[in-house]
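Participant: Sequence:
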Amino acid sequence: WGFMKNRRPDRYHAITDSEDERFLSEGWHTSPKNLPETPKKCGYRMPAEWEPHDAVWLAFPHDEETFEDIDAVEKSYIEIITAIANSGGEEVRLLVLDEAMRARVSEMLADAGADLTKVSFHIRGYADVWFRDYGPIFVIRDSGADNADADTLALTDWVFNAWGGKYDELRIDNNTPAWIAKTHGIRKFSADIVLEGGSIDVNGRGLLLTTKQCLLNENRNPRLTQPEIEEYLSEYLGAEKVIWLNSGIEGDDTDGHIDDIARFVNADTVICAVEDEDRDCGNYAILKENLEILKAATDADGNPLKIVTIPMPDKIEDEYPLPASYTNFYIGNRIVLVPTFGCENDRRALEIIQSVFPDRKVIGIDCRAMVYGLGTIHCVSQQQPKSP
Numbered sequence: 117w118g119f120m121k122n123r124r125p126d127r128y129h130a131i132t133d134s135e136d137e138r139f140l141s142e143g144w145h146t147s148p149k150n151l152p153e154t155p156k157k158c159g160y161r162m163p164a165e166w167e168p169h170d171a172v173w174l175a176f177p178h179d180e181e182t183f184e185d186i187d188a189v190e191k192s193y194i195e196i197i198t199a200i201a202n203s204g205g206e207e208v209r210l211l212v213l214d215e216a217m218r219a220r221v222s223e224m225l226a227d228a229g230a231d232l233t234k235v236s237f238h239i240r241g242y243a244d245v246w247f248r249d250y251g252p253i254f255v256i257r258d259s260g261a262d263n264a265d266a267d268t269l270a271l272t273d274w275v276f277n278a279w280g281g282k283y284d285e286l287r288i289d290n291n292t293p294a295w296i297a298k299t300h301g302i303r304k305f306s307a308d309i310v311l312e313g314g315s316i317d318v319n320g321r322g323l324l325l326t327t328k329q330c331l332l333n334e335n336r337n338p339r340l341t342q343p344e345i346e347e348y349l350s351e352y353l354g355a356e357k358v359i360w361l362n363s364g365i366e367g368d369d370t371d372g373h374i375d376d377i378a379r380f381v382n383a384d385t386v387i388c389a390v391e392d393e394d395r396d397c398g399n400y401a402i403l404k405e406n407l408e409i410l411k412a413a414t415d416a417d418g419n420p421l422k423i424v425t426i427p428m429p430d431k432i433e434d435e436y437p438l439p440a441s442y443t444n445f446y447i448g449n450r451i452v453l454v455p456t457f458g459c460e461n462d463r464r465a466l467e468i469i470q471s472v473f474p475d476r477k478v479i480g481i482d483c484r485a486m487v488y489g490l491g492t493i494h495c496v497s498q499q500q501p502k503s504p
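Remember, the working numbering sits 116 above the position in the sequence shown when you count from 1.
No lab work stands behind these hints, which were simulated from the structure alone.
Note that the Cβ used here is the ideal one computed from N, Cα and C, for glycine as well.
Among the clues, some could well be false.
The list that follows gives simulated cross-link-like pairs (lysine-lysine, BS3-like), each with its CA atoms no further than 30 Å apart [as the list claims (entries may be wrong)]:
no., residue 1, residue 2
1, Lys149, Lys328
2, Lys328, Lys422
3, Lys282, Lys328
4, Lys282, Lys304
5, Lys149, Lys298
6, Lys502, Lys234
7, Lys191, Lys431
8, Lys156, Lys298
9, Lys411, Lys156
10, Lys477, Lys234
11, Lys282, Lys404
12, Lys304, Lys156
13, Lys149, Lys191
14, Lys357, Lys304
15, Lys411, Lys357
16, Lys357, Lys156
17, Lys477, Lys502
Simulated DEER-style distance windows between Cβ atoms [stated by the list, open to error]:
no., residue 1, residue 2, range
18, Thr146, Ala401, 35 to 41 Å
19, Asp384, Lys404, 21 to 27 Å
20, Glu180, Glu433, 29 to 35 Å
Produce the complete structure using the sequences and hints provided.
Facilitator: This is the structure we're talking about:
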């Protein structure tokens, strides 16, 4: 996710020229339609988040420059990991910096009653926790697809430039997808454009949600047109149609990530954040405009979408507005984890999300400390789908 200002110490180096060469070199762009192999050509697609998972990836927080109250954020992480591990639905794959952190976190989880048989620790260096954005986006090949003897799980590896080059020292995490592919024997498709996982959402049936503010931003892919970006979304994620909302919420330094404003909750339904005009916190007009776009939108087959609205939490500020939103939830196999902020709309938000996920247990996680790092539950997690 990043920061409104550079709060990091100088202990992380920027990504090297050679690591970033595929994005920065002259003539780097070629239409994915001209590539011999893309996920789409090989029968892969990005599944919806509610489709079955094998695991979820997280990175344990370690930097007090990111989170002012690191102890409270660690507590939230323990609650998140315990809820997922004890749900019986999927494994937690957790990055930790070293053996000392592994032992300490393992003890914290044991004290919380977590099922440690559902938690695997992976020791490696990482700069930050925003796995949704720098981690891989997994794709699957459905049973019955061509080349059925090939791998049914693969990952896509996009260029992570720290949200438009805002924080170069965080770009070291760009190597995470390649590391996962190598250590876990997963086929990798490299997409030579900038994209973060939090900037897109899919319904698993060819429809993708994003924002113009992010994907068309000159700090991401200045050489690409909107149709060219849509080619990548089609060839690498299986998007047959893209719904472009305009802008994200106030305080979001990622330039309008979709996971703070609108999310698919099933193949034909979108939950959309709205703000009351009489308590406008700077988001009323933006969210109203996005809602109208969704009301007029159709799915890949031309059918209208169902829209469920959800209120925004109270405005939370530090030195600047913070991007608190209930749509930053994580959909697990058996549970949905929802950020809460200690405000009046928390209960209503949980009720609404429970209504659209009747077969899952909805659990609120206090994210008041976490949002000071400018992200919450969806931002720090990345699901690994179950191989068909």
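Participant: Take the hints in turn and mark each one as holding or not.
Facilitator: Here is what the structure says about each hint:
no.	hint	result
1	Lys149 x Lys328	22 Å, holds
2	Lys328 x Lys422	22 Å, holds
3	Lys282 x Lys328	18 Å, holds
4	Lys282 x Lys304	27 Å, holds
5	Lys149 x Lys298	26 Å, holds
6	Lys502 x Lys234	15 Å, holds
7	Lys191 x Lys431	23 Å, holds
8	Lys156 x Lys298	22 Å, holds
9	Lys411 x Lys156	29 Å, holds
10	Lys477 x Lys234	18 Å, holds
11	Lys282 x Lys404	28 Å, holds
12	Lys304 x Lys156	13 Å, holds
13	Lys149 x Lys191	46 Å, violated
14	Lys357 x Lys304	24 Å, holds
15	Lys411 x Lys357	16 Å, holds
16	Lys357 x Lys156	14 Å, holds
17	Lys477 x Lys502	20 Å, holds
18	Thr146 x Ala401: 35 to 41 Å	39 Å, holds
19	Asp384 x Lys404: 21 to 27 Å	22 Å, holds
20	Glu180 x Glu433: 29 to 35 Å	20 Å, violated
Figure legend: structure checked against the earlier numbered hints; hints not met, in rising order: 13 and 20.
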